[in-house]
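Here the protein sequences come in this chain order: X and F. So the first sequence is residues 39 to 323, counted in the numbering used here. So the second sequence is residues 2 to 547, counted in the numbering used here.
No lab work stands behind these hints: they were computed from the structure. Hints may be right or wrong, so weigh each one.
Going by beta-carbon spacing under 10 Å, a handful of chain X positions derived as facing chain F [what the hints assert, rightly or not]:
#, residue
1, F67
2, Q151
3, G158
4, N161
5, A171
6, D210
7, Q211
In silico SDA-like cross-links for lysine to any residue, where the CA-CA straight-line distance does not exceed 20 Å [as the list claims (entries may be wrong)]:
#, chain 1, residue 1, chain 2, residue 2
8, F, K138, X, L260
9, F, K447, F, N122
10, F, K312, X, M164
11, F, K138, X, A269
12, F, K515, X, D72
13, F, K312, X, V76
14, F, K138, X, A303
15, F, K138, X, G69
16, F, K521, X, P88
17, F, K385, X, G69
18, X, K128, X, H173
19, F, K515, X, Q89
20, F, K312, X, Q83
21, F, K386, X, H173
22, F, K312, X, L304
23, F, K466, F, P58
24, F, K393, F, P58
25, F, K138, X, Y278
26, F, K521, X, I98
27, F, K385, F, V130
28, F, K515, X, Q263
29, F, K534, X, Q263
30, X, K182, X, K128
31, F, K515, X, Q211
32, F, K473, F, A227
33, F, K515, X, A269
Virtual Cβ for every residue (Gly too), placed ideally from N, Cα, C.
Here is what each chain is made of, one letter per residue.
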Amino acid sequence: MAPGALYFLVFHYGALFGNALAFVDYVPFLGLADSAWVGLANFQQMLGDPQFWNAVANTIVIAGLQLVFFFPAPLALALLLHSLVGTTVKRFVQSVVYLPHFLSWVIVVALFQHMLGGAGVVNGWMGEFGLGAIHVIGNPDAYKPLVVAQLIWKECGWATIIFLAALSQVDDQQYEAAALDGAGWWRRLWHVTLPGIRPVIVLLLILRLGEFLEVGFEQFFLQRQAVGPEAGEVLDTFVYFTGFANGEFGYAAAAGLFKGLIGVALVYSANRIAHRLGEQGVYRR
Amino acid sequence: MSSHLRRRSLLKFAGAGALATVAGSALAGCGSGSTGNVGNAGKNVVPWPTYVPFSGPTPDAPGDKSGVQPLYLNYPQNLVRSVPEAPGDGSDVTAMVITYGAPPKPLESNQFWQAINKALNVNLKVVVVPDAEYGQKMATLMASGDDLPDIIMFSNLQLPRSHEFVQSRCADLSDFVGGDAVKDYPSLANIPTYAWQGMGRVGGRIYGVPLERPKPGNSLYVNRTAFQQAGVPREWRTEEFVAAMTGQSGGGRWGIGGSKSLFGGFGSIAYHAGSLGAPNAWELRDGQFVSTLTTPQFEEALGVMRRLAEKGAYHPDTLTLSATDMKTFWYNGSVLSITDGFGAVARETMDGINRRFEFDLARPYGPNATPWQSAGIFGYVTFKKASADRIKLLLRVSNYLSAPFGTSEYELVNYGVEGTHFTKYSGGIRTTDLFKVENNVNLPIKYLGVAPAVLHLPGYPEAAKAVHEWEKAVLPGSVADPEAGLRSATRTSKGAELTRTVGDAIGAIVFGRKPVSAWKDAVTQWRQAGGDKVAEELAKEHAAAK
């Protein structure tokens, strides 16, 4: 257990002390001790900063869209895959849907640009057929659906793994019994499959809520400029730009800490609700 | 042992570790100087290095004071040796440097690198940082402890608190290069004073060696062949310019293209603002610094760019494409003009165009143009604090790499080894295939030390002539940025943010995400976020520098 303990020590408990940055005007080459202590000034600045709240609003909207559209997508895909009979076909389809997970965001974003960009493939066709250009990349209104679509394309397949594992745990006899009683596909899904994997769904949902504000970094960093900060800034890019690009490490740490606290609150309350509803949640009571 | 107890002892251990971390950083913090002291006002300033120009080969057309560069159509026949003995002592020299090329081949198989090491008599180790990651990497470097490379290269990119960093962590070179001391390093003495001034002093002292760049700044490069075929005149006015750009767009072709990084600041608008007479960054009015952003000329330039975008003359993916991608489009003729730094006047560009069309620069289109000059530098290099002997060694390395045009050192640094990387013919140099992968872009030593630029494009004399004609026509009316070399504490801490605010607003307005009226708000935001304070501090510095 020593390597595991060391890991938590160095990368989790040790790193926690970095939060002290949020209370100083941190100058990197002076170090923490010599940087001026500013108390809660960074937080005051944060609460009055419209750019911060803009980033929070964007993050919440995108996280909401992700929750509504991205969270159920792998479940649906997993059910579909599970219903496939032929093992070879299933394996093949699984490999194909896993693949995008291994592409970096740089590639995925470039791919979407080449397809949907102003000079991209789709607009090339539209031009040939004399139709007007569709404005997707660089259009602030289309930005949020676009990033969610990208996420589904990239991660949906990979996210099926846990659901598939859970599905394989559902007792086959229950299906047989239900079928004998005359239950069709839908009824078997509703009364056998979904209740069977409900603890897993709830667990994943709670974990997802804990990372609610972690919508991702690279994907947004790469595309932010094309739509401007009003539509494209999320908390992670905000922290990056204030911290690294502007050198306001203390302020950035405060914003990061804010995000962390919201995450803790969300996990805690979601877990409480799960327990109330008689679910296991992240731990058994 | 119960699991409970184990968890306890673990926590104790964690506490001890954290304490050690805090104590460590506290110790590291000791002894470093204070910040906010980068200004030169009220300081005892060290004199600029004495300018001792190198008497090189006679140019085909002379340069002049306005910044027109001496023109060399042919490569000089007789080279001078300017560095009598190798600068190094065989030791390792590490350097962190920006790169715009592919990573270099490893030393064992890289004959260019081997030749450079031999000539310098050092074991040069480079940490190459791709330009896109440069800001991030530098922020990390500045935040790191004592683990600095010997040579740290700074580009013109605004890095937060870089001057404080330089002041507290880099070697003070004043005693080695200030005034006549620079004469020990003839190639450094050959760097014109405007380049040293462009770099500026920090707290009255000199901390770096500038990487000189000629006076022309960001310019618009055009596919002259395409415009000539369409009957577009070389001298144009605003309406002719807009008509030419829109007239040539359509069917997979665009009049003008930009790139993501150009819209990170002023890059995209420099040509237009200069054309219409907007001051270069600031205008000095009775000792006050008035920002170009507040001038009607600047707003007019924004309007012209917006019209280009509205009429479909701008490549639609300008805000998402990298500079490299956009250059490819320019080379292959699908984009007819691009904005780029003057560094684009280089053989690599000509090779990229590969004579598909005639290379030229656009003349400014306004009647009272004030073309914007560059800062006179690409950046500068600083050295890690070390003994005087070590600093002298690094300066000798820098001196070698800055050897002027017409010396054998220049030839090695720029073209490699004769017979391996290039061959000579009467009047020129022809590079070999090996040069494509072994050169001073892939091993980016041209960003560690560079000769003052002359106008010489080996193999492309007609392009060099076109640039010379353009310089003669445009530079006399050009203006410098009055901020060059002046220090403002707000600028060093907030400059990056301020520049980005402006770049974001320009992009949003040009590409129609915001109305033109939003510009006023952007300017107000810029002023409140620190712009006004920068102006105030610069005025103070300027008064003190008199």
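Checked hints:
1. F67: Holds, because the Cβ-Cβ distance from F67(X) to chain F comes to roughly 6 Å (cut-off 10 Å).
2. Q151: holds (6 Å)
3. G158: Holds: closest Cβ of chain F sits about 8 Å from G158(X), inside 10 Å.
4. N161: holds (8 Å)
5. A171: holds (8 Å)
6. D210: violated (37 Å)
7. Q211: violated (37 Å)
8. K138(F) <-> L260(X): With Cα atoms ~17 Å apart, K138(F) and L260(X) stay inside 20 Å; holds.
9. K447(F) <-> N122(F): Holds, at about 18 Å.
10. K312(F) <-> M164(X): holds (18 Å)
11. K138(F) <-> A269(X): violated (27 Å)
12. K515(F) <-> D72(X): violated (43 Å)
13. K312(F) <-> V76(X): violated (51 Å)
14. K138(F) <-> A303(X): violated (34 Å)
15. K138(F) <-> G69(X): holds (18 Å)
16. K521(F) <-> P88(X): Given that 20 Å is the threshold and the Cα spacing comes to 18 Å, the pair holds.
17. K385(F) <-> G69(X): With Cα atoms ~18 Å apart, K385(F) and G69(X) stay inside 20 Å; holds.
18. K128(X) <-> H173(X): violated (37 Å)
19. K515(F) <-> Q89(X): holds (17 Å)
20. K312(F) <-> Q83(X): violated (42 Å)
21. K386(F) <-> H173(X): At roughly 53 Å apart (the allowed maximum being 20 Å), H173(X) and K386(F) break the hint.
22. K312(F) <-> L304(X): violated (48 Å)
23. K466(F) <-> P58(F): With Cα atoms ~18 Å apart, K466(F) and P58(F) stay inside 20 Å; holds.
24. K393(F) <-> P58(F): violated (29 Å)
25. K138(F) <-> Y278(X): Holds. K138(F) to Y278(X) sits at ~13 Å (cutoff 20 Å).
26. K521(F) <-> I98(X): Violated, because 29 Å separates the two Cα atoms, which is more than 20 Å.
27. K385(F) <-> V130(F): Within the cut-off at roughly 18 Å; holds.
28. K515(F) <-> Q263(X): holds (14 Å)
29. K534(F) <-> Q263(X): Since the Cα atoms of K534(F) and Q263(X) sit roughly 27 Å apart, the hinted pair is violated (cutoff 20 Å).
30. K182(X) <-> K128(X): violated (32 Å)
31. K515(F) <-> Q211(X): violated (62 Å)
32. K473(F) <-> A227(F): Measuring from Cα to Cα gives roughly 23 Å; hence the hint is violated.
33. K515(F) <-> A269(X): Roughly 12 Å separates the two Cα atoms, so the pair holds.
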